[in-house]
Amino acid sequence: MNFSLNKKAAVISIIVTLACVVVSFYGSRKLQNFDPALIAYLFGTLFALFGLVYRYCVWLQRPPTRMYFKRTWQLVFTRSFLVRAFTMLKDSIRNLLFQQFIYPRGRKRWMAHFMLAAGCLAAFAITIPLTLGWINFTLDPATALEPGMTKLYNANFFGFKVMSFELGSVPAFLIFHALTWCSWLVIAGAVIFLVRRLTNAGLIASQTFEGDLLPLILLIIISLTGLGLNFSYAFMKGIAYDFMSVTHAIAVILFLVWIPFGKFFHIIQRPAQIGAHIYKQEGKKKGMAVCPHTGKEFTTRLHVDDLKIVTKEVGFDFTLEDGTSHLDYSPEGKRSLLAKAHLKARQEGGTFFG
Amino acid sequence: MEVTAYRTNMEFFVDMQRCIGCRACEMACAECETNGQESMIHVNYVERAVTIQTTVQVCMHCDDPVCAQVCPADAITKDEFAVVHSANTARCIGCSNCVMACPFGVPIKEEKYDMMMKCNMCYDRTSAGKKPMCATVCPSQALFYGTREEISRMRPNSTPVNTFIFGKQEVTTKVNIMMPKGSTHLKIH
Amino acid sequence: MATLPVSPEKIIHHFGPHLNFAPQEGYVGRDEPDATVKTHCCFCGMQCGIQLLVKNNKVVGFEPWMEFPFNEGRLCPKGVQRYLQNNHPDRLLEPLERVEGEGFKPIAWDNALDRVTSEIKRIQDTYGKNAFALLSGVSLTNEKSYLMGKFARVAVKTANLDYNGRLCMVSAGAGNKKAFGLDRSSNNYADLEHAEVIIVTGANVSETFPTLTHWLWRARDNGAKLIVIDPRVIPLARTADIHLPVKPGTDSALYGAMLKYLVDHDMLDHDFINHHTTGFEDTIAAVKDYTLEWAETVTGVDKEKIRQAAELWGKAKTSFLLHARGIEHHSKGVENVLGCINLVLATGRIGRPYCGYGTITGQGNGQGGREHGHKCDQLPGNRDITNPDHRKYIADVWGIPEAELPGKGLTAWELIEAIHRGEVKGLLSICFNPLISLPNNNYVREALEKLEFYVCIDFFLSETARHADIVLAGSLHEEEEGTVTTAEGRVVRIRKAVNPPGSARTDTSIILDLAARLGEADKFSYPNSEAIFNELRIASKGGTADYYGITYKKIEDNMGVFWPCPSEDHPGTPRLWEDRKFATPDGKAHFNPVAFREPSEVTDSGYPVVLTTGRVVSQYLSGTQTRRIGKLVGIVPEPLLEIHPELAQRYGIRQRETVRVTTRRGTGDFAANIVETIRKDTVFIPYHWPGRKSANQLTIGTLDPVSKIPEFKVCACRLEPLGVFTQPGETIAFDSI
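So the protein lines, in turn, are chains A, B and C.
Just remember that my numbering sits 926 ahead of the position in the first sequence, which is counted from 1.
Just remember that my numbering sits 277 ahead of the position in the second sequence, which is counted from 1.
Just remember that my numbering sits 40 ahead of the position in the third sequence, which is counted from 1.
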């Protein structure tokens, strides 16, 4: 990994982070709706945002990524945008929201991942706006002072009321305990994965602690302490509340800070899969590449042409003497060419053996 | 990858002219625990209409892996033993850049998983000090895993070569191909 | 009534072949098996060592057995996938009874066995003892082979017992007995290592014995020259020093011409010929006209290539000659074998380090199975059933009067003919799928349909078993203890890894139970397989295949013992004839004159193309086991017709076009694979498949007069492109009916 500062990425990420600060400042009605208890989380979130954007920008500057990024938007915006947007939406629901591509690798695997992803994404959707002060809940002033009246709660977004619900009602129960539901989902998913990672010989051989096990452990700690906070408050008269709140905060902040660098970055990367799908679909329409050795189509011409550019950008030049490229050959063709070259060398050497 | 018994004196030696196309390696590869029942090794006829020649291809584990370089998702990594690992399942977006850019035609796009998979030199076995499954079962020693001393004793008239020339590009690898004695490289084009 | 009780589709629906695949991430428990069992692969004469992983009485995987000396962990695709025959959905779990119109219904063991014994008695009482026949097979262990021989003669009291080794290497056996007085590969394969010249003829080693390739390549690493004789450029031939693409059915002409060349150029070991052989003069007289020019016209091989091969062979100091079914499956199989042996004897290169000769036995126990008496003319220890001394010895071991020991019976193919003639009315078969493996199998099917009673012992409902009245659910290779003898003559231990599932029983217990019900319990009371082996040791003592000195413990301690091993302190005999004392009555090796003659069916205007058959690497014999293993089927999903582009062009056949192949016996449709790696006058079809994809609908039942092996490897056919194109494997489910 290159540790020298990427200026472009730094500038963009600073701008985005500052923009977020500004939006949050005004969104929380000049900090009026901001919950000071969440100050540590706020800084964690801002740092994560900075890191994410920085990492994302660095990532996009890598030649293969840039090529895909560029091509995707080119292809999306050329013609019949609506049709493509619809396809993308469908694909996103299928593969980003429901992670359908995992299903063929194993039903249990998919279930676990879906629970984990749903829990995490929902928790993000709730906690980040809360932390930034974008969302807050207030007791409806009209009902607050009236003793006999059912208390109404308002949910506000950027200070604007978006809905209200009765205290003690089902929506209230669901909303106030939303993070509890997320925690259970995350725990269930993470435990399934953890068991898998501790028992499957293939995974044991190829996983790393910090890359594969630690993220799961972290998620479990966050969820458990999060649940614990609630439990302690509701049933244990606050016993161990401080311990849990500190542990929870540390784990969450660690998690946030780590998103850009560790396994969780894949959450940000995954939408690129949709790009890859479009690239393939649109590439097909433009024509397929035919392997000069096998005589069969093997990928899109667009793909081969782009790879010739990308490989050069990353320091490889597979151009052949006659101006064609080794990349014009299919994988099977490449293997056969190697075998033929080897056969020739062996024949010229006079013996196959010894 | 923490605790490992990887034996650094062991190397992979390939000689596709010894290949008899039996596909024992292909069947055995699927028994490797890192890749489920998918086979990562390639056996194919070179040009069946005119010859019975088959070739066998494992990942060559390039010193500077093209697959990793062209991966838009940073999904492919090389470890401290110079083993180039299969795509990180969390990251791989199934774009097939690696499949089409690998000069040896190694990575496989598993369409059903929308993901790339490739040979990781049976990491579950090699990291435990065992030989890769394919090289263990290969009945013709087209695939051999052992020390340099062993191979030079068994095949004194051959030289392991790990430099390959594809037009303007030279690629060096961890895996060796057995060539006539004194060879320094294999020029494909 | 041995017709199918219901439609084949219904039978296939219930009993397969269905394809077995391991679960996506392998079977549960593979990482922490209950047991790791060191045994052998069941799929060919190499008998590669393998370790089976067992969990909860199921074989869940394998681990290479690195220490076993022959293969040191190496395996072929069949070996790797062999564990999937266990745990198989098609596995027969209980005895079955044929019910007309309904199929095969479960039946209690007692009822099934009683039915079998009462039918045996009824048929024998009505038509005579020999009207009930048995067919056995050499994928069975030595113990079971021995037991089948004894069961037929002592319990069923019939002369008509033969085995599928009759379709395997009997020509080699007969040839070896004539020349050396003993039937075993003269050397173990380690002697290949420093052989200067190796001839491999009629042996597609890299597909049928893949793990033997290692030893050939090792020899070549040490500088050996390889001569391959085969109508096709088989994988071995591609890199061979000399490939002689012989026309099917002309092998003996080629060997004759090579022998004449050796004689003309005095490349002979006169000392060896004079002192240790007989018959040389007659033998060279038989080939005196076999010039290279003549050989070229007969065999279709360039005479210069024949000369080079003869020259290499003649000048070598050490050598090894290997052959297999390619030269043995002929109406002159024995002559072909003798032609090879003549080349070996003329140069005297035998009985010394790196000087070897041998047939490569195909079946799992092709060697041991052909020595211990489940062959119509043989008694244990490779004794002769017509020899009074041999008869007496075995009758004593078995505790019966010699007069009660039946004589020589009919061979496998002759039994089929006898069924057609109405002489044989009842049949018991085990480990044999003649509907696929016998030639002219439409004729075989008609025979099965004529039987009054047919009982089959099997673990899957094979194509032949579908015709049975009673099917007894027997055991797999990994479900019983025993020994087998590898193609090298090494006796090795087969280990029981799991118990038979459901109410299936071991083959041995079924046979013992039947013997008891036939009133011979006292002669068939063995507590375990080792007890059978210990009786076999005595029965083989003093015979040519002498196992007396081999014990289970000795095999385990040494990872195999080579027979002959006449006493317990004897180390076994990896290399024969080092003392130059051959096992013939005169103690000498015998040359045998071989004059060339044409195969039984030659091409003519009606059937202008030569048809030859063989195997593919991913299938084993009749495919009862391997056509049920998903990935093996995936490698070669269907038999293809290999045809040269020039021949294809003559008939307007295109790549993958369905071609109708017709012989005087049958018709089959096969997709064409147009390749330059076959002779221009010959087409090739692998034989592992049933029904309309069966190559053996086409082959001819002409027998070798001595060995009685059918002529699988050559007949005449005609070709007709049908204009239909299919995807690989697309038609097989339907066509296999």
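You may find that some hints are simply not true.
Here are a few chain C residues that face chain B, going by a calculated C-beta distance under 7 angstroms [claimed, not checked]:
1) Gly-56
2) His-58
3) Leu-59
4) Ala-62
5) Glu-65
6) Gly-69
7) Arg-114
8) Glu-159
9) Arg-162
10) Gln-164
11) Pro-275
12) His-316
13) Val-715
Please keep in mind that the hints were generated in silico from the structure rather than gathered at the bench.
Only a predicted model underlies this, so the values are computations on that prediction, with no experimental measurement involved.
We put the beta carbon where it would ideally sit given N, CA and C, even for glycine.
Status of the hints after comparison with the structure:
A least Cβ separation of about 20 angstroms between C/Gly-56 and chain B goes past the 7 angstroms threshold, and the interface hint is therefore violated. A cut of 7 angstroms between beta carbons decides the hint on C/His-58: the least distance to chain B is about 17 angstroms, and the hint is violated. The closest approach between the C-beta of C/Leu-59 and any C-beta of chain B is roughly 13 angstroms, which is over the 7 angstroms cut-off, so the hint fails. The criterion of a C-beta within 7 angstroms of any C-beta in chain B is met by C/Ala-62, whose closest approach is roughly 5 angstroms, and the hint holds.
Of the supplied interface hints, the one on C/Glu-65 holds, with its beta-carbon coming within about 5 angstroms of a beta-carbon of chain B, less than 7 angstroms. A least Cβ separation of about 13 angstroms between C/Gly-69 and chain B goes past the 7 angstroms threshold, and the interface hint is therefore violated. Among the interface hints, the one on C/Arg-114 holds; its C-beta lies about 5 angstroms from the nearest C-beta in chain B, closer than the 7 angstroms criterion. Given hint, C/Glu-159 at the interface with chain B, is violated; its Cβ is 43 angstroms from that chain's nearest Cβ, farther than 7 angstroms.
Taking 7 angstroms as the C-beta cut-off, the interface hint given for C/Arg-162 is violated, the closest approach to chain B being about 48 angstroms. The interface hint given for C/Gln-164 is broken, as the beta carbon of that residue sits about 47 angstroms from the closest beta carbon of chain B, more than 7 angstroms. Here the hint on C/Pro-275 is kept, as its CB sits about 4 angstroms from the closest CB of chain B, short of 7 angstroms. At about 36 angstroms, the closest approach between the beta carbon of C/His-316 and any beta carbon in chain B exceeds 7 angstroms, and the interface hint on this residue is violated.
A cut of 7 angstroms between beta carbons decides the hint on C/Val-715: the least distance to chain B is about 6 angstroms, and the hint holds.
The structure fails hints 1, 2, 3, 6, 8, 9, 10 and 12 (numbered hints given earlier, in ascending order).
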